[in-house]
Amino acid sequence: MNQNSERPIELVAIINSFNRRSLLERALGSLTEALRSARFPSAVIVFEAGSNDGSSEFLNAWRENHSGENFFVIKASPDRRSFSDGVNIGCAEAIARFPQCRWLLLYETDNCLTNPEPLEKGMSLLKREAQLAAAGFTVKQHDGKFYGYGMRFPTALSFVLGQNLAARLNLHAPNNSAWHLSDGIRWRTCDVVFTSPLLVRREAWEQSGGLDAANFPFSDTDLDWAWRCAKLGWKMAIIASDHVVHDNLKQLSAWSANRALDFHRNRFRLLKRHRGKHAGLLKPFLFLRHCLETMILARVSAADPIAKDKLAKRKQMLRTVWNDYS
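In our numbering, the protein residues as written are 1 to 326.
I should point out that these hints are in silico values taken from the structure, not numbers from a laboratory.
Glycine included, every Cβ here is placed at the ideal spot set by N, Cα and C.
Take the hints with a grain of salt, since some may be wrong.
Lysine to aspartate or glutamate pairs mimicking DMTMM-like chemistry, simulated, CA-CA at most 25 Å apart [as the list claims (entries may be wrong)]:
#1 K145 <-> E33
#2 K272 <-> D242
#3 K127 <-> D247
#4 K145 <-> D242
#5 K315 <-> D262
#6 K127 <-> D143
#7 K283 <-> D242
#8 K145 <-> E129
#9 K235 <-> D309
#10 K127 <-> E93
#11 K283 <-> D304
#12 K313 <-> E293
#13 K140 <-> D247
#14 K313 <-> D242
#15 K127 <-> D242
#16 K272 <-> D143
#17 K75 <-> D242
#18 K277 <-> D191
#19 K250 <-> D309
#20 K235 <-> E10
#21 K75 <-> E10
#22 K310 <-> D212
#23 K127 <-> E6
Label pairs and their in silico Cβ distance ranges [said to hold, decoys possible]:
#24 R7 <-> T114: 33 to 39 Å
#25 G233 <-> E57: 42 to 48 Å
#26 G280 <-> L181: 40 to 46 Å
#27 W322 <-> Q163: 18 to 24 Å
#28 S326 <-> K231: 39 to 45 Å
#29 S77 <-> K272: 25 to 31 Å
#30 Q100 <-> F287: 50 to 56 Å
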């Protein structure tokens with residue numbers, strides 16, 4: 001990360017920051033410590049989306065205290081501050097500032113790295129396997145529990161059944177390939193690898209056009225990107241690792257305030273784009289599911305504030321499902 005390095009920057013990490021200061025401090029600290037000890041030149045770009053919890057001030061102080069490092073902060077404009085905007089703007093800045101960089105690391109505030117080994121393995125694998133657009137990692141929480149790293153492309157059935165039932169039926173489980181072993185790196189492929197963290201080949205990013213911020217500003221943006229990459233002939237890899245953490249410590253992002261409605265709107269849009277316009281025929285079945293959910297929640301909402309909030313969201317989905325949840 002040293003600005004005085006004579007070697008060109010190979011990897012640029014992109015971080016989205018929005019109102020999760022405590023997670024940001026932990027994530028940035030572990031990332032920069034790992035990059036300082038890495039064998040490749042690197043830089044970090046943070047997209048600050050308008051936090052009001054002290055995150056912006058923390059980043060300013062960090063930049064001042066580490067003025068000799070390749071660390072940059074981009075302030076969001078009022079009209080471009082979504083998650084997808086942040087990734088796209090950060091990656092564009094990385095390529096413009098460091099034209100020779102080969103790898104873009106999509107890294108989130110709920111991530112931690114214990115050392116640079118996963119990144120070094122990821123770069124080595126992507127150099128070796130030309131068909132791979134990106135590589136993620138098996139991740140765990142801070143308590144050591146396994147955490148999901150990806151999934152298969154969703155189907156109409158999994159959407160109609162709802163997230164909870166689809167998960168119980170294992171409909172979202174990754175369609176993993178067999179494990180491969182390449183130069184000591186254990187890896188496999190699956191349809192979608194989440195961006196938390198994800199090491200991306202620059203050529204694949206540029207060919208795909210990045211994230212579709214107009215149609216998928218938040219939810220399902222990584223699924224849409226992986227699907228578009230697959231149509232271009234690329235694959236996604238998962239590397240077995242014990243050194244990567246994905247754990248929000250129960251601090252939901254402020255971007256997730258309308259998570260339920262956003263999920264349904266974007267998943268419906270995703271299926272129409274990649275499964276075909278006949279996905280519109282799902283609306284009556286989705287309406288019936290929302291009716292059942294509304295009746296169940298109505299019975300328990302009087303004594304449960306959380307259920308009351310969920311009930312309001314289900315009523316909103318009942319009103320909007322016929323209009324693509326808009």
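Checked hints:
no.: 1; hint: K145 <-> E33; verdict: holds, 23 Å
no.: 2; hint: K272 <-> D242; verdict: violated, 37 Å
no.: 3; hint: K127 <-> D247; verdict: violated, 29 Å
no.: 4; hint: K145 <-> D242; verdict: holds, 11 Å
no.: 5; hint: K315 <-> D262; verdict: holds, 14 Å
no.: 6; hint: K127 <-> D143; verdict: violated, 33 Å
no.: 7; hint: K283 <-> D242; verdict: violated, 42 Å
no.: 8; hint: K145 <-> E129; verdict: violated, 30 Å
no.: 9; hint: K235 <-> D309; verdict: violated, 40 Å
no.: 10; hint: K127 <-> E93; verdict: holds, 23 Å
no.: 11; hint: K283 <-> D304; verdict: violated, 29 Å
no.: 12; hint: K313 <-> E293; verdict: holds, 10 Å
no.: 13; hint: K140 <-> D247; verdict: holds, 7 Å
no.: 14; hint: K313 <-> D242; verdict: violated, 38 Å
no.: 15; hint: K127 <-> D242; verdict: holds, 22 Å
no.: 16; hint: K272 <-> D143; verdict: violated, 39 Å
no.: 17; hint: K75 <-> D242; verdict: violated, 33 Å
no.: 18; hint: K277 <-> D191; verdict: holds, 21 Å
no.: 19; hint: K250 <-> D309; verdict: holds, 18 Å
no.: 20; hint: K235 <-> E10; verdict: holds, 22 Å
no.: 21; hint: K75 <-> E10; verdict: holds, 24 Å
no.: 22; hint: K310 <-> D212; verdict: violated, 28 Å
no.: 23; hint: K127 <-> E6; verdict: holds, 22 Å
no.: 24; hint: R7 <-> T114: 33 to 39 Å; verdict: violated, 25 Å
no.: 25; hint: G233 <-> E57: 42 to 48 Å; verdict: holds, 45 Å
no.: 26; hint: G280 <-> L181: 40 to 46 Å; verdict: holds, 45 Å
no.: 27; hint: W322 <-> Q163: 18 to 24 Å; verdict: holds, 21 Å
no.: 28; hint: S326 <-> K231: 39 to 45 Å; verdict: violated, 26 Å
no.: 29; hint: S77 <-> K272: 25 to 31 Å; verdict: holds, 29 Å
no.: 30; hint: Q100 <-> F287: 50 to 56 Å; verdict: holds, 53 Å
Going down the numbered hints, you'll see the structure goes against 2, 3, 6, 7, 8, 9, 11, 14, 16, 17, 22, 24 and 28, while the others check out.
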